[in-house]
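Please model the entire structure based on the sequences and the hints provided.
Here's the letter readout for the chains.
Protein chains: 2
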Amino acid sequence: MFRIEIAATDGAARCGTIHTARGTIRTPAFMPVGTAATVKAMLPEAVRATGADIILGNTYHLMLRPGAERVARLGGLHRFMNWPHPILTDSGGFQVMSLAGLRKLSEEGVTFRSHLDGSSHALTPERAVAIQRLLDSDIAMQLDECVSLPAPRDRVAEAMALSLRWAARCKTAFEASEPPPGRALFGIVQGGVEPDLRRESAEALAALDLSGYALGGLAVGEPQAVMFATIEATAPFLPAAKPRYLMGVGKPADLVGAVARGIDMFDCVLPTRSGRNGQAFTRHGALNIRNARFAEDGAPLDPRCACPACTSYSRAYLHHLVKANEILGAVLMTSHNLQHYQDLMTGLRGAIAAGQMADFSRRYDQGEAPF
Amino acid sequence: MFRIEIAATDGAARCGTIHTARGTIRTPAFMPVGTAATVKAMLPEAVRATGADIILGNTYHLMLRPGAERVARLGGLHRFMNWPHPILTDSGGFQVMSLAGLRKLSEEGVTFRSHLDGSSHALTPERAVAIQRLLDSDIAMQLDECVSLPAPRDRVAEAMALSLRWAARCKTAFEASEPPPGRALFGIVQGGVEPDLRRESAEALAALDLSGYALGGLAVGEPQAVMFATIEATAPFLPAAKPRYLMGVGKPADLVGAVARGIDMFDCVLPTRSGRNGQAFTRHGALNIRNARFAEDGAPLDPRCACPACTSYSRAYLHHLVKANEILGAVLMTSHNLQHYQDLMTGLRGAIAAGQMADFSRRYDQGEAPF
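Residue numbers (my numbering), protein chains in the order written: chain A, 1 to 371; chain B, 1 to 371.
There could be a bad hint or two in this list.
Chain copies aren't distinguished; within one or between two, either way the pair holds.
List time: in silico DSS-like cross-link candidates among lysine-lysine, alpha-carbon distance up to 30 Å [what the hints assert, rightly or not]:
#, residue 1, residue 2
1, Lys323, Lys104
2, Lys171, Lys323
3, Lys40, Lys323
4, Lys251, Lys104
5, Lys104, Lys171
No lab work stands behind these hints, which were simulated from the structure alone.
Encoded structure:
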C-alpha cells in the first residue's frame, strides 16, 4: 500500500518514509529530474549512489519521444531506463504550457503541437492518466492548468477551478485503470498567490481523498517570500497523513524554507541543468567553474563532499573540462550537484528527527552549511 | 626500466607485456584516445574497467588547452585526469598538420595558429619533448612530419629524412631532460607506402636505439591491403626486442591484420568518436543505433558483451538516447565500443599465446568473431 509514515515533526516540518511497491522514499525527498527517461549525464547507478530514492519522469517529453505505448511494450519506464526504484511522473500540463506550440485549451483538455516535429497531440485528464499508467510510474500526477504569474485573479481562479474538475476526472480514470497495488495519484493545488483560492483548492482536493497533494504554479518567477507565504497559506488545509510535494522547486535555500513549512517532496532541474552549464552548488555557496580564477585551483569543488567529482578531481580539471565542452564535465558537475542536494536533504531529515530544524534553518541562513 | 617482454610469438604476431614505471601493458594493446585529458564521455574508472592498460593523450590539444606548464603545476597529466596508469602522448605533429591553421614548416620545426583562438605557437623537436615531459607521460613520441597520401615520392622521402633528423634531436632533448626511470621515447617510421623508404627509416631509427618504434603516416586514406603491405615491408627492420606501435589504426579488422604482421600497440578515435555518433561495433558487425529498426528492439547491442550498455539496456533505449541527443547515449555507446575493442585485443592475445593466430584471423575474416 502507498502511504507516508511520519517519523517526527518539528514545528511544521516533518520527516518520515513513503512506502511504495518499488521501495521506500525518505522524506523530505529531492527527486532528480529524468525528463527523457534519463537523468541527464548520469548513469542510474550514479543517481542512486547520491542517495536518491525516487526520480521524476516527464509525461510531455515521453509521450512525444519515444511514446508511452512504446515504453509500455518495452516493459515500462523502470525497465526501459534501468531504474528499478520509485518514479513519479508529472502530467504533462506544465510542459504543454511552457514548451509546446499552438496550444488550445478547453474543458475537455488541451491540444498542442510538439516542439520536436510540430505534430498535433491532445492531452486530456484521461489521456494523462493513461500515459502515466503505460509508463507504470509509482506516483502519477493529475492534469492541471498552471497559469503564468502575475495573472489577474479571475484567470487564476478559473484555472484553479478547471484543475479541480480535471482532478476528479483523473481520479475516476486512475481507478478505472485498476493500477497494481502501491501506485498513487496526486492532486495539484492551484490558486496562484491568492491565499483564499489556495485554501479552496486544497480543501476540495482533500475531499477527493487522493494519495498525495502537490503545490503547483509556484517558483514561476514570484519572490521567495511570496512562495513561502503561499505554502503557509496552503499546507494547513492539506491532510497531515498524506505526502506534500512542491513542484519544480528549487534552489537549496528554497528547499530549506519549504521543508520548514511542511513540504515532503521536491523536484527541480536546477542541479542537473546548472551542472551542465558549469554552476556548482557547494557548502560555501554556488560557484561558476568557468571562472578564470579556477584555472589552476587544485582544491576540490567542496572538500566536505564525497561525490566522485570532489574526491578525485580538482576545480582546475573541472574548469578545463567545462571550458572544453567535454562530456565528462557535464557528468562530474551533475554528479556533484545531485550529491549536494541529497546531502542537504539528509541534513534536513536529521535536523527534523533531532528537533533541531529551527537551528538548522538559522545556521543555513547564516551561510554555515549545517550538514 | 621500460621494456617489452615477449611471452609468445605465432608467425609474425607477438604477445607479451610492456613494463613501465606506472604499470604493465598487455600486448597487443589498444589505447583509447584521451585527447583533451579525458577519454570523451568516459570516467577513467570506466575506461579501466574495459581492460585498458594505457591511454593516449594529445600534445597538440593539451599544449593549447589547458597548457603543458599548467598541467605540470597541477601535478602532471595522470593526476590532473585521475588516470594513474600508463599514458602515451603523441608529439603534436599530426594534429598540427590536420587541425591547425597557417602552418609553416622548416628544418627547425613548425609554427602554426591554434584552431581554438588563432593564437601563434611553435613546435620543435625540443619543445615537443619538453611538453611531453611536463605532462610526464610514460611514453613520449618524437616530432615527425606526416605527409598526406597520395604524395610524390620526393616529398615523402624529404619528410622521412626530416623526421629522422628530428628523431635524433628528440632523443638528445629527452635524455637531457633526465626523465625519471621507466619513461620511454619512441621514434616514428615514415616513408609513405614506399617499401625502400620505410626500410631506410626503420633502419636509421633502429640505429638510434630508442625505446620503441611507431609506424606513422598510415591509415590516412590508403587501402587496407597497402597498409598491410607497408607493415610487412617495415616490421622486419625494426628490433624485435622493442614495442611496435601502429599510429591511428583503426577498424577492428585492421587491428587483426596488423597484429598478425607483428604490431604490438594501437590507438584510434574510432570506438569513441563513432560511439558518440551512434555506431556500435559488435561481434555481428557494426550497426547504427539511429536506424529505425532498433526503435523497439529489446535485445542488447551484443549479447556476448559484458559492458554496462549490453548488460542493462536495450537497443531500443540506446536508440532513444542517441536520437534525443542525450549525454547518456554517448556514455553508453562509447563504453560499449571500448569494451568491444578490448575484448578483441584479449582474444588476439589469447590466440597468439595458444598458437592459434592463423585460425583466429581466418575465422574473424569469415565473420565468426572468435573472441
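Structure-based check of all given hints:
no. : hint               : result
1   : Lys323 with Lys104 : between (42 Å within a copy, 28 Å between copies)
2   : Lys171 with Lys323 : neither (48 Å within a copy, 34 Å between copies)
3   : Lys40 with Lys323  : both (19 Å within a copy, 14 Å between copies)
4   : Lys251 with Lys104 : neither (32 Å within a copy, 52 Å between copies)
5   : Lys104 with Lys171 : within (23 Å within a copy, 73 Å between copies)
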